[in-house]
Amino acid sequence: MIQAAYDVIVVGAGPAGAIAARKAAESGMDTLLIEKRLEIGTPVRCGESFELHTASQYLEDIPNQPWVNTITRYFSIHNTKGDCVVVPPISPSIICDRKIFDREVAYTAANAGVQVLVNARAESLLQDQDGAVVGLKINCMGSPLDVYSKVVIAADGTESQLARWAGLKSIPALSDLYVGTQFLVSGLSGQIRTDTSHYYVGEAIAPGGYVWVFPKSADTANIGIVISGDRAEGTSAQGHLEGFLQEVFPRARSVLGQVTGGIPVTGGLKRLVTDGLMVVGDAAHQADPLTAGGIVLGMVAGDYAGTTAAQCIREGDVRAQSLSRYEKRWRERFGKQQRSLRTVRRMLTKMDSDLLDGLIRTAAGYDMTRISPAKAMIHMLTKHPRLLIEARVLINSGLIMK
Amino acid sequence: MFNLRKTTRARNSNALLHHVAIDQDLCNWCGACVSVCPPDSLFLYEEWLAIDHETCTRCERCVKMCPVHALHMAAGSPESTPS
Ligand SMILES: Cc1cc2nc3c(=O)[nH]c(=O)nc-3n(C[C@H](O)[C@H](O)[C@H](O)COP(=O)(O)OP(=O)(O)OC[C@H]3O[C@@H](n4cnc5c(N)ncnc54)[C@H](O)[C@@H]3O)c2cc1C
Ligand code: SF4
Ligand code: SF4
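So the sequence lines, in the order shown, correspond to chains A and B. Add 306 to a position in the first sequence, counting from 1, and you land on the number used in this note's numbering. Position 69 (the second sequence) corresponds to 52 in this note's numbering; numbering is contiguous.
Keep in mind that the hints are not guaranteed to be accurate.
Here are the computed lysine-lysine pairs in the DSBU-like style, where the Cα-Cα straight-line distance is at most 30 Å [what the hints assert, rightly or not]:
(1) A:K642 to A:K475
(2) A:K656 to A:K642
(3) A:K656 to A:K576
(4) B:K47 to A:K656
(5) A:K342 to B:K47
(6) A:K475 to A:K576
(7) B:K47 to A:K576
(8) A:K475 to B:K47
Here are the computed distance ranges between Cβ atoms for each label pair [stated by the list, open to error]:
(9) B:G59 to A:Y672: 53 to 63 Å
(10) B:E62 to A:P450: 20 to 30 Å
(11) B:Q7 to A:L562: 18 to 28 Å
(12) A:G388 to B:E29: 41 to 51 Å
(13) B:L0 to A:P691: 51 to 61 Å
(14) B:E29 to A:L562: 20 to 30 Å
(15) B:L0 to A:R639: 44 to 54 Å
What the hints contain is simulated information worked out from the structure, not anything from laboratory work. Think of the CB as a built atom: it goes at the ideal place given N, C-alpha and C, for glycine as much as any other residue.
If we strip away everything but chain B, and leave its shape as in the complex, we get (with noise of 0.2 Å):
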């Protein structure tokens, strides 16, 4: 699903604690969160919004931003989330 990315960065430590999770029914799949992340982990489909947990550096703010609120910081690992 991430053929887009050109490099891979190292797993994040922190990526068994916690992730962002996003839930899909609220999700407008509007864009504005691939815009504000700094490595590059979102990415939108047409109606599907995708994250690169791998090189998500849990910055959060995709989350603080998201006009309905359709992130949040899930704890545990993301295949703990269904998305």
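Okay, chain A solo, but in the shape it has when bound (with noise of 0.2 Å):
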């Protein structure tokens, strides 16, 4: 079943590397996509929550999927005092099911002409005497083989192992990681609201970290935490999260359903590819360093990538030089905000927990809807005084204009 050699081998199927794989293969490639896990999609390691709008260039009337719980069209931030503010955001965010979201992915890349092999782990790189990839040790359904390759892919998770062998340092410090575990919870009917993505911050909450609820129907939700990496010996993100139900859902009893897992926030890798070899997704440390949002922005990471591998197989070179074009294009549409959302997550990590809960009671005061972010920030100013130490921090990283 398994050729000796493809074009482009990617490895891992979630929506990084599905998307890499079928941008490839929509190019001309001959594309492999292996997934260590006997089934795509699960476990599931994630909030499953993503913004509509940059997901509907990959994946056609995403609304009108069977995948789709909910759609919220509101962010309520609650402080650890009762306060809410409700901020519209730009898209509605989507909550969904991700078995079935990556199965579902993955299968527009085996119909893009991709051939997708699950039970299939990449167990080392196979490099040229001068270190250029050149394929992988594989183990395919408990057989080992050496198969061939132009380019490697590496869109295996945040466990990724791939980039590490190649040179690429990816162990980010503790304080780069988010970690985190999540609970869908049943039992909630009355106490939620299904167009609204909740989202709970402060120190006594969780610590360099938040807790989110997404909705899945009136009377379910997927209950998470996250919390700083250095910040989780005391404490277990699990134990806080606990902590956080009996405070504010205590009626609900039930789990369903658990999910674990820890996020790279760094902003990205220093440099996303060597000589026969691109890395995306978490492997690469693309999730939003501030939400830890990465389906979306590993998917234009796969694009980019799969489309890049592509254009350097038909000019006949894929040294590091050449497939450094992705890693240009992602830097320019992401390099800025992916710097200053770490820098706000910093900011907010330090923030004095008085002034954070001080900060969304007085936001709680103003209609968000008739309000612009410059207003809202200028009445924020005059009544914490003490939030214009932060907001240099604001400026300095690009997010407020100056």
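Assembling the complex is the task here: the two chains are given apart, and the hints tell you how they should meet.
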């Protein structure tokens, strides 16, 4: 079934890998997508929420897909004191069933001509005498074999080892890693809104992170937490989440599912390519450094990498210099934004909890659908002069214009 | 089991004094610890987390960050804790 050689091998059938493989195949490349799990999409490691607008570039008619549970049109941000500010985001969010979603995205790759294989694990790189990657040692359904390719795309997620084997250092500082867990909780009728993604912030709730409540139906929701990896030693992420549930949703007693994981939020690896190899998605630390959302960013990276791989193969040059067109394109679109969001996360992590609570209380008094962000910011500054110190961080990060 | 290793580092001198122990009952096989291990001593199989005690430097990064506290430092040699 498996060939001895392909143009492109993609490792990892998450959203980043599936789109990378699909784009390579759509550009005429003979492409293999391997996944070590027995079933694509499980176990889920995700809050299952993504932004509709960008994702629509890759999937048709999303709102009507069977894997969509709810569509939220508001964000509500809560502090530890019970105040809450409602913000209309730029694009609605899809809350999905990722088990089905991931398989569906992989199916679109298969449909575009990609050979998709589960129970196929990349075990090490095949490299030529100069260190260029020329294929992989794979364990496919129990049999070890060598498979050659012109380009390998590493989309092997948080636990990525391919990038490391290729010499692209990929170990985040614990302060640049979110660790989290999530329960699928029932018995929430009347306590949540299905049109709203709820976020809870504050040191007492989630040190260096936040809690989310994403409605799956009128009665069920993904209630999850991420905390900063360097603040997880005393009480675990799960311990914090259990505390939150007891406090805020004491009547919800059933947990229908659990998800656990870590998301590197460095804003991106320093180098995304080496000779014959490209890294995308969580493996490349491309998730949003503030929210840890990585589905859509992974798909865009997959798109850029798959397309670039095909171009380079056609031109007959798959050295790092040539493949780095992918890296350049990614950085041009997201580089500044990723750096800014990381700066903001660091600022929020250090922010005094009273100030954070106060800001949300003040903002709760505004009608965010009518007031411009600039005006809200000025009001905030007059009410919370201490914010001036923090505002400098925001300005330096480029998120607020001087 | 560790055929993934390209090089095997020298055995750690503290190897027999303490080691990282995995509570496979608590572990959710999420792979987060794999991403923070400097010497690449952890590997996640489908539903099994494996550790290479030979290369582990006992830096405790994985122990500190595990979202469900499934790892701890245990006294004695790795063989003393079944995992
Ligand atoms: C608790 C939690 C909540 C989250 N919530 C959200 C959210 O609400 N919205 C959002 O956008 N993002 C969220 N994320 C992040 C999101 O899950 C990831 O950013 C996203 O899945 C990254 O996609 P990917 O394709 O890069 O990697 P993954 O989806 O992780 O896919 C990588 C794949 O590679 C496979 N693999 C690994 N090694 C090998 C190997 N050696 N050989 C073969 N296959 C291999 C893995 O089995 C896996 O299937 C969350 C993460 C966590 C942990
Ligand atoms: S981080 Fe914890 S739960 Fe996740 S694989 Fe490692 S030990 Fe298991
Ligand atoms: S203690 Fe350090 S070296 Fe050992 S497995 Fe954990 S992270 Fe890796």
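*Hints violated by the structure (listed by number, smallest first)*: none
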